[in-house]
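Given these sequences and hints, build the entire structure.
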Amino acid sequence: MDTTMSVATASFPLRRNLPSPARNNRRLPCRSSRIVLASVDQTASAQGIKIVEGNGGLPKVSLVSPHGSEAEIYLFGACVTSWKVPSGKDLLFVRPDAVFNGQKPISGGIPHCFPQFGPGPIQQHGFARNMTWSVTDSDNIEGDPVITLELKDDPYSRSMWDFRFQALYKVGLNSKSLSTVLTITNMDTKPFAFTTALHTYFKASISGVSVKGLKGCKTLNKDPDPANPLEGKEEREAVTFPGFVDCIYLDAPEQIQLDNGLGDTITIQNRNWTDAVLWNPHLQMESCYKDFVCVENAKIGKVQLEPQQSWVAEQKIFVG
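In the working numbering, the protein residues as written are 1483 to 1802.
Take these hints with a grain of salt, some might be off.
Label-pair distances were calculated between CB atoms; the ranges are [to be verified]:
| # | residue 1 | residue 2 | range |
| --- | --- | --- | --- |
| 1 | LYS1697 | LYS1571 | 26 to 32 Å |
| 2 | VAL1794 | LYS1658 | 44 to 50 Å |
| 3 | THR1749 | THR1722 | 16 to 22 Å |
| 4 | ASP1636 | HIS1549 | 37 to 43 Å |
Once the Cα atoms are required to be at most 16 Å apart in a straight line, the calculated EDC-like pairs of lysine to aspartate or glutamate come out as [claimed, not checked]:
| # | residue 1 | residue 2 |
| --- | --- | --- |
| 5 | LYS1697 | ASP1670 |
| 6 | LYS1694 | GLU1719 |
| 7 | LYS1672 | ASP1644 |
| 8 | LYS1798 | GLU1736 |
| 9 | LYS1571 | ASP1746 |
| 10 | LYS1694 | ASP1733 |
| 11 | LYS1532 | ASP1619 |
| 12 | LYS1652 | ASP1619 |
| 13 | LYS1634 | ASP1644 |
| 14 | LYS1694 | GLU1716 |
Just so you know, these hints were derived from the structure itself, not from any lab. Positions of the beta carbon are idealized from the N, C-alpha and C atoms, including for glycine.
As structure tokens, this is what we get:
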């Protein structure tokens, strides 16, 4: 059986839709950012949450915990670009070639891959990372800020993927952790299928990086031929990065650990992200490959949703 085409269905009761301000999800040029800021200012009113102007004039959500941790999320792509622990150290990485113009996906942080992971019939990694999300809810739980962003279909998305959907992305910040909940709901009258991932870039010293917890997983190794991954089994206790790495781990455990080579051990937990992806481009990205590693929670097998069904996946990353 071709595992990359296996079907994994998860159905949950339809959640009540959160109220959302009027907006257009088409890709916005920089000149539109002030309009977006004005439209969402009043919705991000919880303590520790602000909408501010980011790079290129794009609006971003700033989360600040009373414990000293901080995070930043751009509305363009709902991309988390910064997660600082109380020491002030940022554990995420944004590539030096990243652009903030509202036209091209932000390269780095935690970009979304939806409704397609990797290459396929639509644009690379789908369109969710290339559209402007809106703020639908904000909260403060025991001092810790929580924000919910929303993406819905529009003519731009339907030109590539002709389905009505809702994506809700809830991000919570704690003293030592960053948690996310992604909910995809089929708002159409016909079923659809998708694949997805959180393409997380961690700061690293690549020569000292190792990832533990994947021993025994079935692997789809995209080196040397990305179009024809080699099937195998991970035999190592700790995966290292001596060169180019692009590998999918199927049926990954709910917790793996990353040693970023900079003195931090980062635990990556998940619920319903059934797969994991490790990536470092090595000399294909000579200017910065030594400074980051991608450790991604993913859903490689297609999720099938009937009308009014939802799929939910959670991630929590923390130090220690």
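- Item | Hint numbers contradicted by this structure | 2, 5
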